[in-house]
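Trainee: Please model the entire structure based on the sequences and the hints provided.
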Amino acid sequence: MYNPMYKSEKKPDNTASKLSTGSLPGVAKRHRSERMFKATGLIAIAGGLLFLLFVLVSIGISGIGAFKKTYINLPVPSTIMQQVLDSGIDDADYYSLNRKALRERFPDISGRRDKRALYRLVSAIAEFEMKDQVVELAPTTNAPITIKFTASDDVDMYIKGTVDVAESGAAGRLNAKQVDLVNTLKQAGAIEVGFNWGFFTNSDSRDPELAGIKGAFMGSLFTLLVCLVLSFVVGVMSAIYLEEFARKNKFTSFIEVNINNLAAVPSIVYGLLGLAIFLGFFGMPRSASLVGGLTLALMTLPTIIIASRISLQSVPLSIREAAYGLGATQVQMVFHHVFPLALPGMLTGTIIGMARALGETAPLLMIGMVAFIADAPSNIMDPATTLPVQVYLWADSPERAFMEKTSGAILVLIATLIAFNLVAVVLRKKFEKRW
Amino acid sequence: MQNETEKSTEKTAIKIQAKNVGVSYSGMVALKDVQIDITERKVTALIGPSGCGKTTFLRTMNRMNDIIEGCEVTGEILLDGEDIYDTQVDPVVLRRRVGMVFQKPNPFPKSIFDNVAYGPKIHGLADKKDELEYIVEKSLKRAGLFDEVKDRLNAPGTSLSGGQQQRLCIARAIAVSPEVILMDEPCSALDPIATARIEELIDEIKERYTIVMVTHSMQQAARVSQQTAFFHLGELVEQGETETIFTNPRDPRTEAYVTGRIG
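Sequence lines, in order, name chains E and W. Per our numbering, residue 1136 is the first one in the first sequence, and the count goes up by one each step. Per our numbering, residue 2 is the first one in the second sequence, and the count goes up by one each step.
Please note that a few of the clues may not be correct.
Derived PhoX-like pairs (lysine-lysine); straight-line CA-CA distance at most 20 Å [claimed, not checked]:
(1) E:1203 - E:1312
(2) W:111 - E:1564
(3) W:207 - W:142
(4) E:1565 - W:111
(5) E:1283 - E:1321
(6) W:151 - W:139
Where chain E lies over chain W, by a calculated footprint (3+ residues, C-beta under 8 Å) [stated by the list, open to error]:
(7) 63-70
(8) 103-114
(9) 117-128
Simulated from the structure, these hints should not be mistaken for laboratory data. Computed from a predicted structure; not experimentally measured. Glycine included, every Cβ here is placed at the ideal spot set by N, Cα and C.
Mentor: Structural data, given as structure tokens:
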């Protein structure tokens, strides 16, 4: 029967069940607030996802061009090939031959200014491309051939539609005459757009059409390697010592407070520290990945120590007691039982720290890793830049074609970060054990 | 010290002797003035209401309290006449001789084999692999677990049922051939059938080991122990033959507890 203890505000409907929402006052309100809370959460997550999508799409749209590259196929007639054969394939003057080929393609161009405009359609390394391709073909007769040249960044942008054509017929830095020439080539089917392998195999260059991220990627790799080795070993060891072995007194709690504070210090301060210690005091080489790695290790250490200590704390006392109860020493207890159980958490913390280090620019500016470096570093002592510094450098470049390179480099950086996190998830799954 | 040794060698039946043992946690007294003799190769049950200090006393016997910060132990606990709180005593050696089984089964997150083999490994009890395998098999057999797990020694210890896990923990403790096994409410997390199995096991192994067991269940104490000690509010109220404690207690508090009036 109806329980008089629960007096309903509304008289209960005789047909309604005694267990319906309305039969207990206030329940409808409680359900309502629950729905409100869930809705707020959903809106927050949807908003976050929307922003993420917006960022990715906008970077993707502006960066996709960096992975495509424009080529110009230029016929080399018999007369030029004869000249090549005459002076020998290896010794021919490809600088002028390349220009001659361009002039032969457009015989009605005359005047110094127009000729110069014509030469600018191909990249600065056109003569080397011509030589490489001729050497590869190793012609024995003067039969005409076709050479594939990298188009200059201005042509590249015009073809990709990055720049608009003005009323005067000019497009970006291409004048009306050059636009005409490009259109002629395009109609003749001599323009080709392909995947820009050079973006991954070249290092930085002043010419946007030749610039790539290999140098910066290698620099990031070396820097992170130094940072990982140093900060993981030192960080995990300090965490184990502080958490498991150190006596709990005022001094250790002072250290603990300081480590927590260090985790919140702006990264550029670590740059100044690195500058003063590694370059100033130890006299290490500027711009080297070694110094970058050391500096980033200083920055990453607090993060790793804190994460490692938390994961050590989360190892249950029962496991420690079990080990002690069997007569294990403290070191055996820690390294046989506690450490393996804390490892997944430590790895997660380390990878979060590494991801932060990978995206860090400010401290590297202080130790000279913000230089123009045209060769990929081959070891940790070579001058290098890193991916985020490369992004910073390109974003600062006056050439408009660097814009898409900047976005392209950001895409690579994001992809690397995602790969990092995937590794973190896989490692955690692999090492995680239940107790 | 010398005198004590002579005295305890006279009474060979006494394995552990506590003298004026007091324990305090950061100044808070948990146990005071405990005098008790633990008989060799018998099961001694420590009973009493929650918070009476019986677990605390159990843990002083293999210096497990050392790892608790602020814990202080006074008095003497003699193992075969030697004070285990002497500065010369190494807790690692002590704990090899005085093993422990905990309230909640706590197998290592390793294989069944590795769980049992861990103790012998760290103490260097086996040089070769087959020696180790022999120890593991023998220990599992003694703990009455071998037949149930012999086909899956490489399965994780945590995959066993609660009762099996506790027997694994007993096998793990046995593997280092201790002289004394301390058990801290070994059945409190188990169902009645698993409990019966563990009690049977305790009965079987008591011929080889001196067993001290904390229990909340008076029936259990009556079933498996030969000696019983009753703790109340940090004091050892009464000790003696289990039968005497349950049927003819001297102290009114003991009587009140065993008849269910306090606790």
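Trainee: For every hint, state whether the structure bears it out.
Mentor: Each hint, compared with the structure:
Between residue 1203 of chain E and residue 1312 of chain E, the direct Cα distance comes to roughly 25 Å. Violation of the 20 Å bound is thereby established for this hinted pair. For the suggested pair residue 111 of chain W and residue 1564 of chain E, the alpha carbons sit about 16 Å apart, so the restraint of at most 20 Å is met. Between residue 207 of chain W and residue 142 of chain W, the direct Cα distance comes to roughly 15 Å. Compliance with the 20 Å bound is thereby established for this hinted pair. Under the criterion of a C-alpha separation no larger than 20 Å, the hint pairing residue 1565 of chain E with residue 111 of chain W is consistent with the structure, at around 14 Å.
For the proposed pair residue 1283 of chain E and residue 1321 of chain E, the alpha carbon gap of about 14 Å is at most 20 Å, so the pair holds. This hinted pair checks out: residue 151 of chain W and residue 139 of chain W have alpha carbons roughly 12 Å apart, not beyond 20 Å. For the region 63-70 of chain W, the proposed coverage by chain E is satisfied: 4 residues have a C-beta within less than 8 Å of a C-beta in that chain, meeting the threshold of three. Residue count for the region 103-114 of chain W with a Cβ under 8 Å from a Cβ of chain E: 6. That meets the three needed, and the coverage hint holds.
Figure legend: the region 117-128 of chain W, annotated as covered by chain E; annotation consistent (4 residues with Cβ-Cβ distances under 8 Å, at least 3 required).
In this structure, only the earlier hint numbered 1 is contradicted, and the remaining ones agree with it.
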